[in-house]
Amino acid sequence: MKCTLMHKQIAVAEMELDDSTGFIQKIGMVHVPEHLPVGIAVKKGIADRAALNEWWTDRSIPASRSGVREALETLEITSTKMLLVRCYGLSLSDQYWICPEGSGLTWDAINFFDNGFSEDIGDVLFGADKKADDLDFSSPDNTLDGNLKKRWKIIGGKRWLVKGGSNPFRQQPFNEVIAAGIMELLGISHVLYQVTWSKGAPYSICEDFVTRDTELVPAWRILKTQKKSNSVSVYQHFTNCCEELGIQGVVPFLDRMIVLDYIIANEDRHFNNFGMLREAETLKWIGFAPIYDSGSSLGYDKMPVQIRSEKEVVCKPFKNHHAEQLKLVSDFSWIDFDRLEDVGGLIESVMTAEGAEEYIDESRLFAITESVKHRIEYLSQLSISQTSVQEHSTQDDVEANIAADYAPKMNR
Numbered sequence: 117m118k119c120t121l122m123h124k125q126i127a128v129a130e131m132e133l134d135d136s137t138g139f140i141q142k143i144g145m146v147h148v149p150e151h152l153p154v155g156i157a158v159k160k161g162i163a164d165r166a167a168l169n170e171w172w173t174d175r176s177i178p179a180s181r182s183g184v185r186e187a188l189e190t191l192e193i194t195s196t197k198m199l200l201v202r203c204y205g206l207s208l209s210d211q212y213w214i215c216p217e218g219s220g221l222t223w224d225a226i227n228f229f230d231n232g233f234s235e236d237i238g239d240v241l242f243g244a245d246k247k248a249d250d251l252d253f254s255s256p257d258n259t260l261d262g263n264l265k266k267r268w269k270i271i272g273g274k275r276w277l278v279k280g281g282s283n284p285f286r287q288q289p290f291n292e293v294i295a296a297g298i299m300e301l302l303g304i305s306h307v308l309y310q311v312t313w314s315k316g317a318p319y320s321i322c323e324d325f326v327t328r329d330t331e332l333v334p335a336w337r338i339l340k341t342q343k344k345s346n347s348v349s350v351y352q353h354f355t356n357c358c359e360e361l362g363i364q365g366v367v368p369f370l371d372r373m374i375v376l377d378y379i380i381a382n383e384d385r386h387f388n389n390f391g392m393l394r395e396a397e398t399l400k401w402i403g404f405a406p407i408y409d410s411g412s413s414l415g416y417d418k419m420p421v422q423i424r425s426e427k428e429v430v431c432k433p434f435k436n437h438h439a440e441q442l443k444l445v446s447d448f449s450w451i452d453f454d455r456l457e458d459v460g461g462l463i464e465s466v467m468t469a470e471g472a473e474e475y476i477d478e479s480r481l482f483a484i485t486e487s488v489k490h491r492i493e494y495l496s497q498l499s500i501s502q503t504s505v506q507e508h509s510t511q512d513d514v515e516a517n518i519a520a521d522y523a524p525k526m527n528r
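Just remember that my numbering sits 116 ahead of the position in the sequence shown, which is counted from 1.
There could be a bad hint or two in this list.
[What the hints assert, rightly or not] In silico lysine-lysine, BS3-like type, Cα no more than 30 angstroms apart, as pairs:
(1) Lys-343 to Lys-246
(2) Lys-400 to Lys-159
(3) Lys-343 to Lys-160
(4) Lys-343 to Lys-279
(5) Lys-269 to Lys-279
(6) Lys-124 to Lys-315
(7) Lys-124 to Lys-400
(8) Lys-400 to Lys-246
(9) Lys-159 to Lys-124
(10) Lys-279 to Lys-427
(11) Lys-344 to Lys-315
(12) Lys-160 to Lys-118
Rather than coming from a laboratory, the hints here were simulated on the basis of the structure. Quick caveat, the model's predicted, so the values are computed rather than measured.
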């Protein structure tokens with residue numbers, strides 16, 4: 117299929133997609149190279165096809181998503197990349213899309229920020245049977261990344277993301293609300309979450325923070341703007357990339373994100389789980405996006421004894437262990453520890469709400485609360501001693517920043 121990669125109304129580059137796989141076979145003329153996705157190099161007028169295919173693949177539902185194999189069978193689609201083609205690559209996270217040759221489609225007529233969209237794909241991804249009549253593939257659910265079950269819904273005229281949790285504890289939706297509450301106490305910019313219920317299972321919901329005029333650029337795309345030297349740490353490489361792009365406030369933001377992730381023992385802050393906002397048309401950087409997607413934390417997949425021991429807690433995006441990642445923090449003076457005194461009450465209020473008792477028992481709640489209090493106390497002592505000095509060595513660096521696998525774990 118011949119098409120044009122579009123950025124809102126701007127024709128960026130001519131492309132050809134394979135009709136059976138959805139891969140980009142050929143990139144023709146690049147009209148406006150600066151409007152290519154961040155991190156896509158252009159040399160002598162030719163765009164890097166491998167890099168653009170990587171971006172295109174990242175745009176699709178991962179094959180490891182819970183229930184996606186069954187959904188593809190129901191939809192009679194061979195791969196999630198073909199779902200991209202069926203919705204013209206449209207998303208509720210940015211303003212990129214593809215316009216098939218001769219289609220006459222316009223951004224104003226089909227974008228999901230101003231126009232409605234079908235719930236058919238979301239229904240199937242959430243386990244519904246195929247409808248008797250034809251499916252409408254016009255849905256931003258086709259371009260949702262991540263391994264947890266999720267979908268978009270229009271509620272009260274606004275776009276809301278609905279996301280589930282992984283077995284056996286389904287804890288991620290509760291964790292999102294707790295993390296948001298802790299960030300509120302600490303004055304950290306964040307996305308607000310609520311817990312909702314469907315068929316006896318908890319889901320988190322949050323409003324889309326991207327508008328028709330802005331877009332989210334994942335940190336992963338920022339990393340792709342420069343080649344990393346083996347002698348440079350992941351942290352330093354990321355800050356270097358941000359500096360070269362003119363993105364402001366990098367270190368204060370990272371300080372806050374790293375501290376938050378330590379407090380909640382976040383295990384999945386990979387480089388697609390935070391990012392920057394920019395104006396889509398002017399390409400002006402607005403700043404870091406409010407922190408989102410903090411659910412894979414608080415021992416979400418562990419038994420109480422493991423939560424208390426903290427031995428199996430992994431870390432991202434810079435270091436493999438939270439103790440090492442804390443060494444990257446430049447300043448702790450912004451933390452108001454007095455506001456965290458009743459963090460146990462916050463956790464209890466969320467995890468003892470009606471319906472939660474099926475997933476969160478008393479021993480689990482106690483282990484989570486005590487481990488969070490312990491980490492806050494450690495931070496308090498660290499802030500007093502000021503023994504933490506930024507370290508930019510490559511020791512303990514994360515090598516593979518990929519999303520967590522939520523397949524059921526045995527012997528737990």
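Restraint status (C-alpha distance of Lys-343 to Lys-160 at most 30 angstroms): Given that 30 angstroms is the threshold and the Cα spacing comes to 19 angstroms, the pair holds.
Pair hint Lys-343 and Lys-246, alpha-carbon separation not exceeding 30 angstroms: Between Lys-343 and Lys-246 the Cα gap is close to 45 angstroms, so the pair fails against 30 angstroms, i.e. violated.
Given hint Lys-279 paired with Lys-343 - CA-CA distance at most 30 angstroms: violated, 34 angstroms
Satisfaction of hint between Lys-124 and Lys-159, Cα-Cα up to 30 angstroms: holds, 24 angstroms
Holds or violated: Lys-160 to Lys-118, with C-alpha atoms at most 30 angstroms apart: Measuring from Cα to Cα gives roughly 22 angstroms; hence the hint holds.
Restraint check for Lys-124 with Lys-315, where alpha carbons must lie at most 30 angstroms apart: Measuring from Cα to Cα gives roughly 38 angstroms; hence the hint is violated.
Pair hint Lys-269 and Lys-279, alpha-carbon separation not exceeding 30 angstroms: holds, 11 angstroms
Satisfaction of hint between Lys-159 and Lys-400, Cα-Cα up to 30 angstroms: Holds, at roughly 23 angstroms.
Distance restraint between Lys-400 and Lys-246, which requires alpha-carbon spacing of 30 angstroms or less: violated, 43 angstroms
30 angstroms limit on alpha-carbon distance, applied to hinted pair Lys-344 and Lys-315: Distance ~47 angstroms between Lys-344 and Lys-315 Cα, so the pair is violated.
Restraint check for Lys-124 with Lys-400, where alpha carbons must lie at most 30 angstroms apart: holds, 15 angstroms
Distance restraint between Lys-279 and Lys-427, which requires alpha-carbon spacing of 30 angstroms or less: Holds, at roughly 28 angstroms.
Of the numbered hints listed earlier, those contradicted by the structure are 1, 4, 6, 8 and 11.
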